[in-house]
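**Q** Sequence:
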Amino acid sequence: MKKVITYGTFDLLHFGHINLLKRAKALGDHLTVAISTDEFNALKNKKAYYSYEQRKIILEAIRYVDEVIPEEKWEQKAEDVKKHDIDIFVMGDDWKGKFDYLSKYCDVVYLPRTANISTTKIKEELLLANAY
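Numbering (the UniProt record's numbering), first residue to last: 1 to 132.
Any given hint might turn out to be false.
Estimated spans, in silico, between C-beta atoms of each pair [to be verified]:
(1) L127 <-> K82: 37 to 43 Å
(2) K96 <-> N130: 31 to 37 Å
(3) K73 <-> K96: 27 to 33 Å
(4) E125 <-> H84: 34 to 40 Å
(5) S51 <-> I18: 18 to 24 Å
(6) K44 <-> D100: 16 to 22 Å
(7) D107 <-> A61: 23 to 29 Å
Cross-link-like lysine-lysine pairs, in silico, DSSO-like; alpha carbons within 27 Å at most [as the list claims (entries may be wrong)]:
(8) K73 <-> K121
(9) K104 <-> K22
(10) K2 <-> K73
(11) K96 <-> K44
Calculated directly from the structure, the hints in this document are not laboratory data.
Heads up, the beta-carbon is just placed ideally off N, CA and C, and yes, glycines get one too.
With the hints as constraints, model all of the structure from the sequences given.
**A** Shown next as structure tokens:
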């Protein structure tokens, strides 16, 4: 069985997230998604609209996702790859090169982002809409 892992906050779920999850799952048989905890987001100066627990419930309902685990620190990726017997580490290509160090443990794949959509863009547009 080929195992794949990806990471993210996955807040305000949108079709770009679904595209990433679908393409990641297509690379293997089992997809693990590590989502940033609220505490980890605070360290990154990020605030998710939904709590970790709510985001976890949402992701667990997606057919491409087999397992959801917490991401609590930057350094855990290598530990997760080893602990979960991961064959392929997947991230969006906006992170290209950032996780190449994991290639000594598994294949590293950077997938193209879905054009014209991001959680940041949605939040900006909602703020604009509320200004009127």
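**Q** So, for every hint listed, does it hold in this structure?
**A** Tested hints:
For L127 paired with K82, a C-beta distance near 41 Å keeps the hint of 37 to 43 Å intact. Distance hint for K96 and N130: a CB-CB separation of about 34 Å, consistent with the stated range 31 to 37 Å. Between K73 and K96 the CB atoms are about 22 Å apart, so this pair departs from the stated range of 27 to 33 Å. Range check, E125 to H84: about 36 Å between beta-carbon atoms, so the 34 to 40 Å window is met.
Between S51 and I18 the CB atoms are about 21 Å apart, so this pair conforms to the stated range of 18 to 24 Å. The hinted window of 16 to 22 Å between K44 and D100 holds, with their beta carbons roughly 21 Å apart. Distance hint check for D107 and A61: the Cβ-Cβ separation is about 28 Å, which falls inside the suggested range of 23 to 29 Å. The hinted pair formed by K73 and K121 meets the criterion: a straight-line CA distance of about 25 Å does not exceed 27 Å.
For the hint linking K104 to K22, the alpha-carbon distance of about 25 Å falls within 27 Å, and the restraint holds. Of the pairs offered as hints, the one joining K2 and K73 holds, with about 25 Å between alpha carbons and a cut-off of 27 Å not exceeded. A distance of roughly 19 Å separates the Cα atoms of K96 and K44; the hinted pair therefore holds under the 27 Å criterion.
Hint violations for this structure: number 3 only, all remaining hints satisfied.
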